[in-house]
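Assemble the whole structure, with the sequences as input and the hints as a guide.
These protein sequences, in sequence, are chains A and B. So for the first sequence, my numbering puts the first residue at 1; every next one is plus one. So for the second sequence, my numbering puts the first residue at 1001; every next one is plus one.
Everything labelled a hint here was simulated from the structure, so no lab data went into it. Among the hints, erroneous ones may be present.
[Unchecked claim] List time: in silico DSSO-like cross-link candidates among lysine-lysine, alpha-carbon distance up to 30 Å: (1) B:Lys1050 - A:Lys66; (2) B:Lys1075 - A:Lys66; (3) A:Lys66 - B:Lys1199; (4) B:Lys1199 - B:Lys1104; (5) A:Lys66 - B:Lys1106; (6) B:Lys1199 - B:Lys1050; (7) B:Lys1075 - B:Lys1050.
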Amino acid sequence: MKLACDSVRENLSLLLYGELSFTEEEAVQAHLQGCTECRAALDTERAWHDGLALATVEPPADLLVKCRQQLRANLPEPVPQNWLQRLWRGLDLNLNLRSLAKPAMALGLVAVGYLGARLPNLTEAPQETAAAHVRYVEADAAGNVRIVLDETKPRIVSGRTDDPQVRRWLLAAAREANDPGLRAETVALLQGGVEAVDVRRALVSALESDPNPGVRLKAIEGLRRHAGERDTRQALMRVLTADENPGIRTQAIDLLTESGPRSLDAQMVGALQQLMRREENGYVRQRCEKALRLANASAEIF
Amino acid sequence: MLNGDTRVALTGQNRLAVNMDESSLIRAAQAGDQDAFERLVRGYDQSVLKLAYSLLRSADDAQDIYQEAFLRVHKNLHQFRFDCSFHTWLYRIVTNLCLDLLRKRKVRKEESSVVDTAEGPRDRAELTGDTRASIDPQRALVSGQLRQRIDAVLGELTARERMVFELRHFEGMRLRAIGEALGTSEEAAKNCLFRVTQKMRVALGDFV
Ligand SMILES: [Zn+2]
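Printed below as a string of structure tokens:
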């Protein structure tokens, strides 16, 4: 299919977005190889794409917090499920025991029960119960108070990393933990279990979506031995152009090209050439060019 | 560390509070677990707010969209049947709300041609694009003409074009996902994006 310059230029943006169909992209690429003017037009196209970054705006810093507070206030109360919950529904659920226990104890009328063993003995020092959250409080006319606590007690799960229960927690932590340091540790531990499909999936998912580059680096290390597999390769190719961290992009190039020229199939070459079009980091460009030379493919398309 | 003995300390607080993946989180929220609902919200609310703010350029409007969107999610979550991703489901709600507001604004804009600016009332025809853009002093400092021109083009787009462009260019969503969120085909979203890029090229191509 031979394309006219006009129709190539109309499609340059879609090319940059990677939203042309396979055949469309082939045709555009073929035309670009032989047409200096359209290559210049592509540079211009890319320049105004970059220029659009000037139009981005960030919400004011405190807006998210405001929104969350407002939402919490606007949400309907949970439907009461038992007599306990019917009482004191308006009470702030995060009320700390320490602030509550004092006046209650002063009355000398504190009765605590419910939730069986999960409740602490109130003779414990308040400091130790500070982490517990009061969920419901109920008082009767005689001045008796009943408090139900939501407690978070540390629990230890131990075993080898291939123990299903340990594995389950590790996978959850790799995905869910708020602390990036903990996620990185967990991902590092999971590297040992990379033979298992769910672990590999977790590593791929961390690599593609964890906001912390340290965690993504651990994940990409873990995938090294599986860089030849289809799913992993697909993910690595996406990372090539999607990850904002040049160190990780470099790692991805290394892993994808590690097994020599035979790993450089057409799709891979396409991905590298796409990277060359977008890459601004000189070092990454160099690595990319080197890989393309290895594949005897042109890095000079643009 | 290969299959070494591992101790996973499950301390309370936020660290490893629950090991729920998103679908169990949704199920728990559907069953009325407020905590699960809140965690579900927190997985998405930052990007929802960013999208609304970027499209509407107003903190108040973005805050309204945020509230309305997540209240609707809360109200209708029991109808979520896992036949699309939660992200898609949520973005259907959010993009609809934003589109409505963008459209309302367009109507308002066409109704009155005189607008207030920092320099007093002026005819809209004199101003390029979004008036908020032209009166924001910081914007004028940092950006200069390119930014004004971008805002002008963005202001001229239809609500739908504006949405598709925002999702593709600034949010990096794939056209297929955009189509799903907007309840249209990938092809329709592509046509829409194509139109926007033609307009952008005309307005900005000689500028860069
Ligand atoms: Zn040409």
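| Would the pair Lys1075 of chain B and Lys1050 of chain B pass a check requiring their Cα atoms to be no farther apart than 30 Å? | holds, 23 Å
| query | Between Lys1199 of chain B and Lys1050 of chain B, does the CA-CA distance stay at or below 30 Å? | reply | holds, 24 Å
| For the pair supplied as a hint, Lys66 of chain A and Lys1106 of chain B, is the alpha-carbon distance within the 30 Å limit? | Measuring from Cα to Cα gives roughly 28 Å; hence the hint holds.
| 30 Å limit on alpha-carbon distance, applied to hinted pair Lys1075 of chain B and Lys66 of chain A | holds, 21 Å
| query | Would the pair Lys1050 of chain B and Lys66 of chain A pass a check requiring their Cα atoms to be no farther apart than 30 Å? | reply | holds, 14 Å
| said: So if I understand the rule, the pair passes when the alpha-carbon distance is 30 Å or less; does Lys66 of chain A with Lys1199 of chain B pass? | reply: Roughly 37 Å separates the two Cα atoms, so the pair is violated.
| message | Need the status of pair Lys1199 of chain B, Lys1104 of chain B: alpha-carbon distance at most 30 Å? | response | holds, 23 Å
Violated hint: 3 only; the structure is consistent with all others.
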